[in-house]
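We have chain Z already, so just place chains D, H and V on it with the hints.
Number of protein chains: 4
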Amino acid sequence: MASEPPKPAENLIPSDSNALVQSTNPLHPANLICELCRGFYNLGWVTGTGGGTSIRHHEHIYLAPSGVQKERLQPTDLFVMDYATRSYIRTPTALKPSQCTPLFLAAFDKGAGCCIHTHSQWAVLVTLLVEKASGKEGCFEIEMLEQIKGIARGRGKTGSLGYFDRLVVPVIENTAHEEDLTESLEAAMEKYPDTYAVLVRRHGVYVWGDNWHKAKTMCESLDYIFQLAVEMHKLGLPWTAS
Amino acid sequence: MASEPPKPAENLIPSDSNALVQSTNPLHPANLICELCRGFYNLGWVTGTGGGTSIRHHEHIYLAPSGVQKERLQPTDLFVMDYATRSYIRTPTALKPSQCTPLFLAAFDKGAGCCIHTHSQWAVLVTLLVEKASGKEGCFEIEMLEQIKGIARGRGKTGSLGYFDRLVVPVIENTAHEEDLTESLEAAMEKYPDTYAVLVRRHGVYVWGDNWHKAKTMCESLDYIFQLAVEMHKLGLPWTAS
Amino acid sequence: MASEPPKPAENLIPSDSNALVQSTNPLHPANLICELCRGFYNLGWVTGTGGGTSIRHHEHIYLAPSGVQKERLQPTDLFVMDYATRSYIRTPTALKPSQCTPLFLAAFDKGAGCCIHTHSQWAVLVTLLVEKASGKEGCFEIEMLEQIKGIARGRGKTGSLGYFDRLVVPVIENTAHEEDLTESLEAAMEKYPDTYAVLVRRHGVYVWGDNWHKAKTMCESLDYIFQLAVEMHKLGLPWTAS
Amino acid sequence: MASEPPKPAENLIPSDSNALVQSTNPLHPANLICELCRGFYNLGWVTGTGGGTSIRHHEHIYLAPSGVQKERLQPTDLFVMDYATRSYIRTPTALKPSQCTPLFLAAFDKGAGCCIHTHSQWAVLVTLLVEKASGKEGCFEIEMLEQIKGIARGRGKTGSLGYFDRLVVPVIENTAHEEDLTESLEAAMEKYPDTYAVLVRRHGVYVWGDNWHKAKTMCESLDYIFQLAVEMHKLGLPWTAS
Chain Z
1 MASEPPKPAE
11 NLIPSDSNAL
21 VQSTNPLHPA
31 NLICELCRGF
41 YNLGWVTGTG
51 GGTSIRHHEH
61 IYLAPSGVQK
71 ERLQPTDLFV
81 MDYATRSYIR
91 TPTALKPSQC
101 TPLFLAAFDK
111 GAGCCIHTHS
121 QWAVLVTLLV
131 EKASGKEGCF
141 EIEMLEQIKG
151 IARGRGKTGS
161 LGYFDRLVVP
171 VIENTAHEED
181 LTESLEAAME
191 KYPDTYAVLV
201 RRHGVYVWGD
211 NWHKAKTMCE
221 SLDYIFQLAV
231 EMHKLGLPWT
241 AS
Chain D
1 MASEPPKPAE
11 NLIPSDSNAL
21 VQSTNPLHPA
31 NLICELCRGF
41 YNLGWVTGTG
51 GGTSIRHHEH
61 IYLAPSGVQK
71 ERLQPTDLFV
81 MDYATRSYIR
91 TPTALKPSQC
101 TPLFLAAFDK
111 GAGCCIHTHS
121 QWAVLVTLLV
131 EKASGKEGCF
141 EIEMLEQIKG
151 IARGRGKTGS
161 LGYFDRLVVP
171 VIENTAHEED
181 LTESLEAAME
191 KYPDTYAVLV
201 RRHGVYVWGD
211 NWHKAKTMCE
221 SLDYIFQLAV
231 EMHKLGLPWT
241 AS
Chain H
1 MASEPPKPAE
11 NLIPSDSNAL
21 VQSTNPLHPA
31 NLICELCRGF
41 YNLGWVTGTG
51 GGTSIRHHEH
61 IYLAPSGVQK
71 ERLQPTDLFV
81 MDYATRSYIR
91 TPTALKPSQC
101 TPLFLAAFDK
111 GAGCCIHTHS
121 QWAVLVTLLV
131 EKASGKEGCF
141 EIEMLEQIKG
151 IARGRGKTGS
161 LGYFDRLVVP
171 VIENTAHEED
181 LTESLEAAME
191 KYPDTYAVLV
201 RRHGVYVWGD
211 NWHKAKTMCE
221 SLDYIFQLAV
231 EMHKLGLPWT
241 AS
Chain V
1 MASEPPKPAE
11 NLIPSDSNAL
21 VQSTNPLHPA
31 NLICELCRGF
41 YNLGWVTGTG
51 GGTSIRHHEH
61 IYLAPSGVQK
71 ERLQPTDLFV
81 MDYATRSYIR
91 TPTALKPSQC
101 TPLFLAAFDK
111 GAGCCIHTHS
121 QWAVLVTLLV
131 EKASGKEGCF
141 EIEMLEQIKG
151 IARGRGKTGS
161 LGYFDRLVVP
171 VIENTAHEED
181 LTESLEAAME
191 KYPDTYAVLV
201 RRHGVYVWGD
211 NWHKAKTMCE
221 SLDYIFQLAV
231 EMHKLGLPWT
241 AS
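Residue numbers (UniProt numbering), protein chains in the order written: chain Z, 1 to 242; chain D, 1 to 242; chain H, 1 to 242; chain V, 1 to 242.
One or more hints might be untrue.
Pairs involving identical chains hold if they fit within one copy or between any two copies, as the list cannot separate such chains.
Claimed, not checked - Heads up, simulated DSBU-like pairs for lysine-lysine below, C-alpha to C-alpha not over 30 Å straight-line: (1) 157 - 96; (2) 191 - 136; (3) 234 - 132; (4) 234 - 136; (5) 96 - 110; (6) 157 - 191; (7) 110 - 136.
Bear in mind the hints are in silico, worked out from the structure with no lab data behind them.
The shape of chain Z in the complex, shown without the other chains:
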């Protein structure tokens, strides 16, 4: 927790350079993405190559490729994009960029430093329960759970949500192709400017934060709340007072 990730090399980088992803620092984004993905696999968030994680490191975006087993990810498997020009400055041979890339970029455009996408079953079930109760326009809403304090109040705002605040997470409809979610994700970000997460119906959730620490801990808190909400529903316990 003490050591800072190293600054990126400023000089010209060949398109296949390993220098961008090789570091002995465990907090270097190339190492961190691999370590986080191993943990996410054990949580059931990235089963069967699903889901993904991206970290912004100064002007570079680190991205896991499409279709790889997340718990086996190696730093050399990562794509690196130049954020300003949206061009890949590192492209692993024989791998394809993640279809989540435009969605991760939407989060970075809102000031995020890290974005996590999970296929958590709790997230999927919550989107189905919301639809059943409130139709396609409904949001996931819950209140009076201590874990809500784990969610930041909103971009540019200080502190976290309080116990008596209502947590509201918008739900967008899934599309045939993941990149086609971008428009509705951005629309949800506009409509709910304080949210750090958007649920995708029958698909999962996107969660972001100022840095990897905040993105990961908010993703954990939300997943905890989604799971609790499903169990509450099974037990006939309402999510909100009214």
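Just chains D, H and V now, with coordinates in the frame of chain Z:
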């Protein structure tokens, strides 16, 4: 992910040779089967010596023996069969071949490179829910889940199922002896030529793929979908629109 | 799996000797009990110092002490009893013998080589569901599950139960003191001579086998079946055809 | 288990000293808190920086800071407080003290040597089920479960609860700020002088014990009982006979 598994030795191999199962390459099938089985044990797929995994490596079939604790499997415990002649070219002393062998071979005959058999409780419960709803002739059918994209479209076809495609997995009846499943497994393969999986009532599932990566990730995606389907059923959420 | 556990020293052993529990062989019962208990902790079988394991090694009985954290057990924490005389030949200082000891001995008297006691929640729930359905005299009965094949047919009999055999596990009432279970455990063993397990109402299960491999894999198969039975009950699926 | 934690240095300690948290002894409280928190993370007790643990070591109180990922906690992240004066004698730079601190101190004032706070979902669900059944004044009450024996009888009393004893855990209402729980926690301790745990509605549980071993194993036993109680409720099984 980068390194290729080594080619098998072409010369004559004594029936008890360790050379077939000794390699420093973690992707050698003898090492890989042991590693995969440890992971499958933690997923609850091979509890109490149940389930199994087989990999085709050029003209050799690597098979875990019958009745061993899968999380403790060692490369020297493995059987190796010559695919062309169906004769064992490596037989560990004091161990018996798996009863799943003819079922694994049925998958290899359809072009598979790896076949996984699990006793996952989600698979078993899904077979019971299908029977309850549709009788013994019913298939497991579900649609509109992002994870369906984790399943390939079919042998000789390009790409994966789409979000709006219906996933159909046939269910066959269990038999007193595992090898007696072969005929109905092959019949299901004929009737559903695009399937990469067959559920076995009150027993589990067989999943295969072109290689171990595809077999494992499809098995994970299917197990995720089976679990989600059981939870959806508990919550009164239908699997298909009609 | 290949190497044999070493024979016990035949010479006189001082009551506090470490020689009985020190071995570089991972299959020595002192090492094995510790390793098994770490695994059982992760399965939720020995939470909060509950449950236990005992192995017979020639004329010596290895026993975990009372009230220790099972996942932290060290070989030097173990008691060793001389089976013939029922006297402790190794007593760790500051530790008390397990209250399960007479129950483990009842299993050894029936020819077991290893006995496992878990507080698995699935076992507890099954005892409650049996009582609700059949009253205090009922047994847990289930049929037509592949995993039933994981249970041996009975002492002195060859092979395992078949898919069409009914698994019957007797349930005894819990008592204020664990050692007071001995009489009813022995009575259940008499009444159901083929059983390798006895459920204890609101408490857990005792499972034994000819050796540690058989006791552990049967315990896993039974726990799998108990969990499946609870889930089947939640889904309205019957355990037996009639 | 054999070695004793070392005595604290008696001499004057600079406010940022690492000596208080550096030890090669795995049972030193600074090492132990980190190890315990890693285990608690895997149990789902401290998701998303929630929950915490504190150990009293002679006249020093070791405390995890606020808002850190518990599974990544390092000894140098810990606060150390002088118990007599309630002043911090070690303050890690850039970290804030835990808001749980006054609640941990309330437990130490009752003679505890360790206090654990979890956000376990089972604890939260139990508080909601108690409210639904008995209103805000209700306690969690359950009886006739073997695992109840894992709970000590009460401060200054010998031994543990028996199988036929009723376990009673008071529930207090949650507050906007965690430190505001202190008064009602102390009131519950007064009203239920034998309890080693207090549930907090929609929040989690505080569990303490004479030392870390007792606090941890009682916390495990209680969490097991909470989970079992939720499952019993789903299956229509009552918690008490009357």
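Item checked: Hint numbers contradicted by this structure -> none
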